[in-house]
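Each chain, written out:
Protein chains: 2
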Amino acid sequence: MKRTSRDIRTANRYEVLRQIIAKSPVSRQELATATGLSLATVATLVGELLDLGMLTEVGFEDSAGGRPRGLLAVDASGGALIGVDIAETYVRVELFDLALNVLARAAEDMRPGESRPEQVVERVASAVEAVVARAGGGAARVLGVGVSVPGQVDRDTGIAEYAPNWDWHDVPLLDLLAERLPHPIHLDNPLRACTVAELWFGAARGRGDAVVVNLGTGVGAGLALGGGLHRGVSNSAGEWGHTTLVLNGRPCHCGNHGCVETYVGAPGIMLNLRESGPDSPLLRPGDQTATIEALARGAAAGDPVAVEVVRDTARYLGAGIAALVNLLNPEVVVLSSWVAAALGEPLLRDVRDAVARHALQRPLAATEIVLSPVPGDPVCLGAATFALEGALDAAGLRPVNGATAGRRSVPAEPLPAEPVTVRPVTVGSTPVEGRTAPLS
Amino acid sequence: MKRTSRDIRTANRYEVLRQIIAKSPVSRQELATATGLSLATVATLVGELLDLGMLTEVGFEDSAGGRPRGLLAVDASGGALIGVDIAETYVRVELFDLALNVLARAAEDMRPGESRPEQVVERVASAVEAVVARAGGGAARVLGVGVSVPGQVDRDTGIAEYAPNWDWHDVPLLDLLAERLPHPIHLDNPLRACTVAELWFGAARGRGDAVVVNLGTGVGAGLALGGGLHRGVSNSAGEWGHTTLVLNGRPCHCGNHGCVETYVGAPGIMLNLRESGPDSPLLRPGDQTATIEALARGAAAGDPVAVEVVRDTARYLGAGIAALVNLLNPEVVVLSSWVAAALGEPLLRDVRDAVARHALQRPLAATEIVLSPVPGDPVCLGAATFALEGALDAAGLRPVNGATAGRRSVPAEPLPAEPVTVRPVTVGSTPVEGRTAPLS
Ligand SMILES: [Zn+2]
Ligand SMILES: [Zn+2]
Chain A
1 MKRTSRDIRT ANRYEVLRQI IAKSPVSRQE LATATGLSLA TVATLVGELL DLGMLTEVGF
61 EDSAGGRPRG LLAVDASGGA LIGVDIAETY VRVELFDLAL NVLARAAEDM RPGESRPEQV
121 VERVASAVEA VVARAGGGAA RVLGVGVSVP GQVDRDTGIA EYAPNWDWHD VPLLDLLAER
181 LPHPIHLDNP LRACTVAELW FGAARGRGDA VVVNLGTGVG AGLALGGGLH RGVSNSAGEW
241 GHTTLVLNGR PCHCGNHGCV ETYVGAPGIM LNLRESGPDS PLLRPGDQTA TIEALARGAA
301 AGDPVAVEVV RDTARYLGAG IAALVNLLNP EVVVLSSWVA AALGEPLLRD VRDAVARHAL
361 QRPLAATEIV LSPVPGDPVC LGAATFALEG ALDAAGLRPV NGATAGRRSV PAEPLPAEPV
421 TVRPVTVGST PVEGRTAPLS
Chain B
1 MKRTSRDIRT ANRYEVLRQI IAKSPVSRQE LATATGLSLA TVATLVGELL DLGMLTEVGF
61 EDSAGGRPRG LLAVDASGGA LIGVDIAETY VRVELFDLAL NVLARAAEDM RPGESRPEQV
121 VERVASAVEA VVARAGGGAA RVLGVGVSVP GQVDRDTGIA EYAPNWDWHD VPLLDLLAER
181 LPHPIHLDNP LRACTVAELW FGAARGRGDA VVVNLGTGVG AGLALGGGLH RGVSNSAGEW
241 GHTTLVLNGR PCHCGNHGCV ETYVGAPGIM LNLRESGPDS PLLRPGDQTA TIEALARGAA
301 AGDPVAVEVV RDTARYLGAG IAALVNLLNP EVVVLSSWVA AALGEPLLRD VRDAVARHAL
361 QRPLAATEIV LSPVPGDPVC LGAATFALEG ALDAAGLRPV NGATAGRRSV PAEPLPAEPV
421 TVRPVTVGST PVEGRTAPLS
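From first to last, the protein sequence lines stand for chains A and B.
So the first sequence is numbered by full-length UniProt numbering: it starts at 1 and just counts up by one.
So the second sequence is numbered by full-length UniProt numbering: it starts at 1 and just counts up by one.
Hints in this document: simulated from the structure, not taken from any laboratory.
Idealized CB from N, CA, C, for every residue including glycine.
Just so you know, not all the hints are guaranteed correct.
Claimed, not checked - Covered stretches of chain B (in silico footprint by chain A; criterion: 3 or more residues with CB under 8 angstroms from a CB of chain A, positions within the stretch not fixed):
hint: 1; region: 110 to 117
hint: 2; region: 231 to 243
hint: 3; region: 283 to 296
hint: 4; region: 350 to 362
To be verified - Distance ranges between label pairs, derived from CB positions:
hint: 5; chain 1: A; residue 1: 375; chain 2: B; residue 2: 11; range: 28 to 38 angstroms
hint: 6; chain 1: A; residue 1: 248; chain 2: B; residue 2: 267; range: 42 to 52 angstroms
hint: 7; chain 1: A; residue 1: 170; chain 2: B; residue 2: 43; range: 40 to 50 angstroms
hint: 8; chain 1: A; residue 1: 281; chain 2: B; residue 2: 361; range: 57 to 67 angstroms
hint: 9; chain 1: B; residue 1: 361; chain 2: A; residue 2: 40; range: 40 to 50 angstroms
hint: 10; chain 1: A; residue 1: 172; chain 2: B; residue 2: 356; range: 22 to 32 angstroms
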């Protein structure tokens with residue numbers, strides 16, 4: 001869709017808050033420099049965020065001779081955000097403060113055969129209740145719940161259109177969740193959750209164009225272009241796993257042959273291992289997680305089969321990533337999700353080699369390839385970020401205080417903003433370096 | 001790079017002029033509706049364009065009871081733009097008015113062995129002089145010359161970094177051209193020129209996300225995302241031709257094997273023909289243009305070899321385009337450039353079938369695949385559009401009148417705007433439908 005001035009206001013609001021979270025405490029002038037926006041625009045956006053109770057003025061910068069400048073920080077207590085990561089084998093839920101520090105966690109296993117929508121919703125609801133109870137007073141104002149569910153998701157209708165591993169078709173997941181949860185709910189998928197987590201808190205923050213290569217059971221390539229998530233015209237951009245890598249290659253559940261996913265997704269890597277070492281003790285039939293972990297330990301210890309499997313996987317991955325580098329000319333490619341986290345540096349090294357062999361020189365020279373620096377579960381963090389974005393989208397309509405924001409709420413009259421607590425903190429003229437790791 | 005508020009102002013300026021060219025004559029209110037910008041923003045941008053002498057007020061809309069609203073049109077006489085298409089075998093130059101109507105054309109053949117930079121610059125300079133002479137008074141104010149040259153181009157330094165077919169390396173083409181041409185010069189490559197032509201005047205206009213698949217001797221995929229050209233971090237986005245389509249397939253001049261280009265670029269299609277019909281009379285050894293034209297005539301006449309070659313080519317192309325559809329989820333995919341124009345409807349039909357077999361259902365359902373509707377040489381038109389964008393980029397600094405705009409000019413004081421001629425044209429309340437074909 002075309003960018004409207006409303007889209008641009010929203011994007012600017014995101015960018016300002018992103019920079020405040022990154023660099024807190026920070027002055028309006030520093031924000032203008034960091035975002036490229038005018039000081040007047042920054043002042044307006046900061047005013048909105050102050051009215052929303054999301055920010056607090058933490059003191060004044062010691063300016064030698066000039067007039068004092070107010071420093072801004074996120075008001076961590078301004079509201080809570082919940083991120084839900086529904087995966088094939090577990091449900092993880094985390095409750096965050098507004099600075100995206102984790103206040104409470106809960107997880108539930110999902111056994112095979114317990115993947116009916118009602119069962120999944122039950123697990124989510126009880127885990128959400130658990131984190132709210134654990135967070136105590138910190139959960140007084142839940143601004144929203146972001147929920148990530150695998151597969152194709154229509155975020156506007158809240159329908160999980162297709163989840164291949166569970167054979168879900170057109171499940172009205174948002175409605176089912178809304179019957180159990182009293183908070184505004186934002187539904188999306190893990191690929192976009194990871195990408196948004198990188199954009200707000202990881203390797204894509206402050207970068208113009210980034211590709212987040214998501215390596216899990218499935219495989220995708222989230223696109224963060226021009227500082228925003230590229231969703232495509234029907235919110236399905238990033239389906240990179242079903243790009244043909246090998247003509248007439250391995251069969252894929254999508255109906256095609258030789259898809260990227262069949263070589264570099266966790267089940268594909270298990271196949272690579274089966275081909276390289278059919279009798280390898282690293283192979284744990286039927287258990288992706290255990291196999292990938294065994295492979296990671298083996299590669300670190302120099303086990304020749306493990307080393308070969310990681311290299312083969314990197315070769316397939318590198319050919320695919322080179323095509324992304326050529327096509328999109330990104331500033332950074334981030335390897336994300338649990339398979340990338342497990343295989344770590346050895347995979348990264350081999351991928352860099354393989355991409356260098358396949359990519360054109362000019363885009364290659366402009367691209368950095370890194371492992372995701374986001375600690376913890378990036379899907380929970382990204383899902384919570386969708387809830388944060390939802391609260392920001394509602395801004396300008398009315399304050400988000402009182403947990404009435406989001407698409408599920410009835411229109412409300414603007415509430416008077418709560419008085420802002422000014423904590424008299426003295427900070428030197430050098431801004432305090434922001435945390436890059438938002439999780440505690 | 002990140003979007004700054006200056007980028008956004010520039011993008012909005014483009015969008016407003018694009019809509020005025022498309023819908024002229026048009027009211028400010030209609031522009032606000034068409035662009036999603038506020039009426040105040042539209043009024044400011046229109047004011048700038050009026051000051052620049054690019055627009056004219058053509059009369060007032062008959063509004064029943066309301067106050068009369070001024071209608072705007074491009075002032076075609078407000079300046080001339082020149083587009084230069086340097087190709088492997090020819091140089092084409094076209095001179096346009098500000099509404100992008102062609103006022104004059106010139107073309108020069110380039111024989112093999114005449115591709116040294118000095119020789120190419122000589123051809124360009126004489127063709128530019130020829131169109132300026134032919135256009136007579138229309139060329140009084142050339143606002144800029146856009147030049148498209150194949151290969152990798154650094155538009156900021158004006159260096160043709162790599163042109164594989166001529167073995168050019170780091171040619172300072174902009175400097176060489178500037179010695180011969182007294183106008184502001186904007187250098188870029190044919191892929192981006194075609195994409196910008198689709199964005200301003202073709203199938204990508206008014207669409208959110210579009211992919212322009214360029215089928216010539218080389219192959220690329222220009223990306224028009226969010227209403228703007230996606231250039232990537234070092235201006236090389238769109239290098240799709242060197243995506244591996246067939247593992248260990250045909251050798252490519254890039255050093256890899258099985259690149260898309262080796263199957264669907266003109267020389268690749270000649271190979272497809274050689275494989276399907278080694279003795280086919282359609283094959284004109286050493287002559288890409290003649291072979292593709294013979295193939296097009298053969299396919300139209302039902303020649304079985306030609307039909308098979310078009311289908312095979314479409315099969316390769318479809319697999320590649322399906323990957324783009326999955327990854328980017330575009331609203332439209334445009335088949336552009338001379339090979340697509342020659343093979344036309346039969347190619348389009350087979351490509352649609354092949355993409356439908358390979359793409360995922362959700363992005364497929366959201367994507368239309370079309371032949372480029374841009375008549376004439378889209379590279380010349382796109383190159384001239386770069387000159388127009390260059391003139392608009394200079395706006396806000398000073399008026400472009402007087403041919404001093406562009407990166408080659410010295411900073412000048414703002415000139416007083418020329419008085420605007422108001423032609424008293426009466427137009428009904430229904431806006432006149434815009435031309436979709438900007439070329440006369
Ligand atoms: Zn597949
Ligand atoms: Zn190649």
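Review point. Are there three or more residues in the region 110 to 117 of chain B whose C-beta lies closer than 8 angstroms to some C-beta of chain A?
Key: violated (count 0)
Exercise for review: Evaluate the given range 57 to 67 angstroms for the C-beta pair formed by residue 281/A and residue 361/B.
Suggested key: Violated, since residue 281/A and residue 361/B (Cβ atoms, about 41 angstroms apart) do not stay within the stated range.
Review point. Can the region 231 to 243 of chain B be counted as covered by chain A under the rule of three residues or more with Cβ-Cβ separation shorter than 8 angstroms?
Key: Answer holds; 12 residues pass the 8 angstroms Cβ test.
Review point. Are 3 or more residues of the region 350 to 362 of chain B near chain A, judged by a Cβ distance of less than 8 angstroms?
Key: Contact hint for the region 350 to 362 of chain B vs chain A: holds, 3 residues under 8 angstroms.
Practice item. Note whether the CB distance of residue 361/B and residue 40/A lies within 40 to 50 angstroms or breaks it. Key: holds (47 angstroms)
Exercise for review: State, for the Cβ atoms of residue 170/A and residue 43/B, whether the hinted interval 40 to 50 angstroms holds or is violated.
Suggested key: At 46 angstroms between Cβs, range holds.
**Study point:** Pairwise beta carbon distance, residue 248/A to residue 267/B, judged against the given window 42 to 52 angstroms
**Key:** Given range 42 to 52 angstroms: violated, Cβ gap about 24 angstroms.
Check your understanding: Is the distance from the Cβ of residue 375/A to the Cβ of residue 11/B consistent with 28 to 38 angstroms?
Key -> The hinted range 28 to 38 angstroms holds for residue 375/A and residue 11/B, with Cβ atoms some 36 angstroms apart.
Check your understanding: Is the gap between the beta carbons of residue 172/A and residue 356/B within 22 to 32 angstroms?
Key -> About 28 angstroms separates the Cβ atoms of residue 172/A and residue 356/B, which means 22 to 32 angstroms holds.
Review point. Taking a Cβ-Cβ distance under 8 angstroms as contact, does the region 283 to 296 of chain B have three or more residues in contact with chain A?
Key: That given contact is violated, which follows from only 0 residues of the region 283 to 296 of chain B lying within Cβ reach (below 8 angstroms) of chain A.
When the structure is compared with the earlier hints, violations turn up for hints 1, 3, 6 and 8 and for no others.
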